[in-house]
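Q: Single-letter residue listing:
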Amino acid sequence: MTISTVYDSVDWDTIVTEGRVLPARTADSEYFWNGLIEHRLLIQRCTGCQTLRHPPGPMCPQCQSLEWDTVDSAGSGSLYSWTVVHPPYAPGFFQPSIVGLVALDEGVRMVANVIGTPPDALNVGAQVSVFFADQAEDWTVPQFRLVAG
Amino acid sequence: MSVAPIAGRAAIVGAATTEFSKNSGRSELRLAVEAISAALRDAGIEPAAVDGLNSFTMDNNEITAVARNLGVPRLTFFAQTPWGGGGGCGTLTHAAAAITSGLADVVVCFRAMNERSQQRLGQPPASSASPAMVTGRALDNAWSQPFGISTAASMMALAARRHMHEYGVTSEDLGRVTVQERDYAATNPNAWFHGRPLTLDEHQASRMIADPLRLLDCCQESDGAVAFVVTSIERARDLPSTPVVIEAATQGAGSNHVQMATPYREDITGAEEIENVGRVLWRQSGRTSADVDLAILYDHFSFAVLAQLEALGFCQRGEAAEFVRSGAIGRGGQLPVNTNGGQLGEAYIHGFNGIAEAVRQLRRTAPNQVADASAALVTSGSHVPTSGVLLARG
Chain A
1 MTISTVYDSV
11 DWDTIVTEGR
21 VLPARTADSE
31 YFWNGLIEHR
41 LLIQRCTGCQ
51 TLRHPPGPMC
61 PQCQSLEWDT
71 VDSAGSGSLY
81 SWTVVHPPYA
91 PGFFQPSIVG
101 LVALDEGVRM
111 VANVIGTPPD
121 ALNVGAQVSV
131 FFADQAEDWT
141 VPQFRLVAG
Chain B
1 MSVAPIAGRA
11 AIVGAATTEF
21 SKNSGRSELR
31 LAVEAISAAL
41 RDAGIEPAAV
51 DGLNSFTMDN
61 NEITAVARNL
71 GVPRLTFFAQ
81 TPWGGGGGCG
91 TLTHAAAAIT
101 SGLADVVVCF
111 RAMNERSQQR
121 LGQPPASSAS
131 PAMVTGRALD
141 NAWSQPFGIS
151 TAASMMALAA
161 RRHMHEYGVT
171 SEDLGRVTVQ
181 ERDYAATNPN
191 AWFHGRPLTL
201 DEHQASRMIA
211 DPLRLLDCCQ
221 ESDGAVAFVV
231 TSIERARDLP
241 STPVVIEAAT
251 QGAGSNHVQM
261 ATPYREDITG
271 AEEIENVGRV
281 LWRQSGRTSA
291 DVDLAILYDH
301 FSFAVLAQLE
311 ALGFCQRGEA
321 AEFVRSGAIG
331 RGGQLPVNTN
341 GGQLGEAYIH
351 GFNGIAEAVR
361 QLRRTAPNQV
371 ADASAALVTS
381 GSHVPTSGVL
391 LARG
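Chains as they are written, first to last, in our numbering: chain A, 1 to 149; chain B, 1 to 394.
Hints are supplied without guarantee of correctness; some may be wrong.
Unchecked claim - Pair by pair, the computed Cβ-Cβ distance ranges are:
1. B:G71 to A:D138: 35 to 41 Å
2. B:R120 to A:Q50: 42 to 48 Å
3. A:D28 to B:D291: 43 to 49 Å
4. A:C63 to B:R137: 26 to 32 Å
Source of the hints: derived by calculation from the structure; they are not laboratory data. Just so you know, even glycine gets a beta-carbon here, dropped at the ideal spot from N, CA and C.
Bound-form chain A, shown alone (with noise of 0.2 Å):
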C-alpha cells in the first residue's frame, strides 16, 4: 500500500498518542499544555516590550522583563519546515509521522504533527490550522491540518 492509501484510510478524529513521551512542564511552560486542555493556543508575551515568545522561558531576551501573560493564538500559519519520520519509530505515533515546523501568524514558530494529508502533499509555505485532540484528562494534543485550498 503506498503511503497516499494509507492516509485516506486512517480516522483522523481519533488520534493515540498513547506511548508517547509526555511534555516535562515547569511553571514556566505549564499555561501552555493547561491552555491545550481548554483548546486554546497560548503563546507567551512580554508584558514589558510585548515581544511573544514561544517555547516560553522565564525571562525576555529583549528587555530582561520577568513579566509576562499570555495571548491566544488564531491557529493560523504556514509550513516553515517539515519532515516525514520513518523508522527508528517512537512509541504512540502514526507512522510514518509528518511533523512541521509551523510559522504562527503571529510571528513565533511551533513544532507539531500535520494530520490527514499524505507527505507527498506538502510543501513549504502551506497554509494549515490547528486542531486539537483530547487523550486525557490532563493531556491535549494540537495538532495541524492543511487549509484547503
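Position chain B against the provided structure of chain A, taking the given hints into account.
A: Structure of chain B alone, referenced to chain A:
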C-alpha cells in the same frame, strides 16, 4: 599573527585509536584505557605524569575509573565538556587552556564508546507513561519530542529541508558528500567501508530516515575509542613524535538555542555555532580559509558538511553543493574534506576519529595523505553548541 594567549602554546604529542567495529566485544572502560595507554606510548609519556583528564558528555566512563585503571595517581584538571559530539574539540580547547594557565602539564583527552553494540545514540526514547524527569534537557525536548522529533536525524531534517528549499539543494547534492567520503574510506584500511566505494544511485536508493535525510545521509554507528595526549609546546619539543600544534581552539554556541538544529532561530539554514567557531579560529591563528590544507568537518549528516563549508567561509552561502560537485573536497581538490572517510565512511566515534585523522595528516602518515599538509581545521558537531581547533604541523 596571533594575539590570543591560548594560541600555539600547546600541542598534541600522542594519538591513538582502537579498531573501529560494530561490536568491540569489550567494555567501554577497556576501550578507553587501551586507546589512552597507546596514545601515552606514542607520546613517550608515563601514565604517572598525566595530571589532566578530559572527555565529553555522553561518554559513560567515569574519569576516576579511567585514572584508576591507567595508574594515574593524581589529577589537577578534569572535565567533561558538554553537548556530546559538539564537545570533541572542546576537550582540546580545555586541555590547551589548562596547560597555558598552569592548571596541568599533561592532559589526556579521550572518547570511548560501544555506540553500536551497547547504546545506540540515533534511537528514539522508549515509551514512558509519565512525564520525563524535569531536567533542563527534558524541558527543551518538551517542544518537539511529544510530536515525534526525538532523534538527531529528525531535528536536522527540519533545518535541511529549509536550507534545500531556499538554495535549491537536492537529495543528490547531499548524496555527493556521502559518495565523496566513501571514496576516501575505500582506500583507508581503518575504515569500516574500506574497499566499498558508493555510487550516487546507491545513495538515492537508500531508504528515508527523516525526509529529506536518507539512510546514507546519516553517519554510521560504531564501537571504538580515540585518545590524545596534550602538553606545552616547550615540552613537546623534547618528545619523539612530530608535535601537532593547537594553533587555535574555541567553543562556540549561537542564538536562541533549543535542542539540536534549533528550529526557532530566525535563520535555520546556516550553521551558526560553526560560524562562531570559525570566526575565533581565524582570528586566533591569523589564517584565512585559503591557509588550510584540509578540513575535518563533523559529518553526523551529509547536510552538515554543506552547511559548514559555507559557515567557515570556504564558499558562499548556498554554494556548497556546487563546491562539492566541482570536486573541491575530493583528492587533489582545493580543500580535501574528511580524508579518512569521515563518520559516513570510517567510523562514528563522536568526531574524535576525525581529530585523529588530522593528526595523521599533519604527521604525514595518513592513508590518503594530502601532499605537504601543514594546517588542518577540525570541527565538532554542527547545529549544537560546539567547538573547533586549528591544528598545524610543528
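Q: Is the gap between the beta carbons of D28 (chain A) and D291 (chain B) within 43 to 49 Å?
A: Distance hint for D28 (chain A), D291 (chain B) holds at roughly 46 Å.
Q: Just tell me: holds or violated, for the beta carbon distance of C63 (chain A) and R137 (chain B) against 26 to 32 Å?
A: At 27 Å between Cβs, range holds.
Q: Please test the hint of 35 to 41 Å on the beta carbon pair from G71 (chain B) and D138 (chain A).
A: Between G71 (chain B) and D138 (chain A), where Cβ atoms are some 54 Å apart, the hint is violated.
Q: For the range 42 to 48 Å, tell me whether the beta carbons of R120 (chain B) and Q50 (chain A) fit it or not.
A: holds, 45 Å
Of the numbered hints given earlier, the model fails hint 1 alone.
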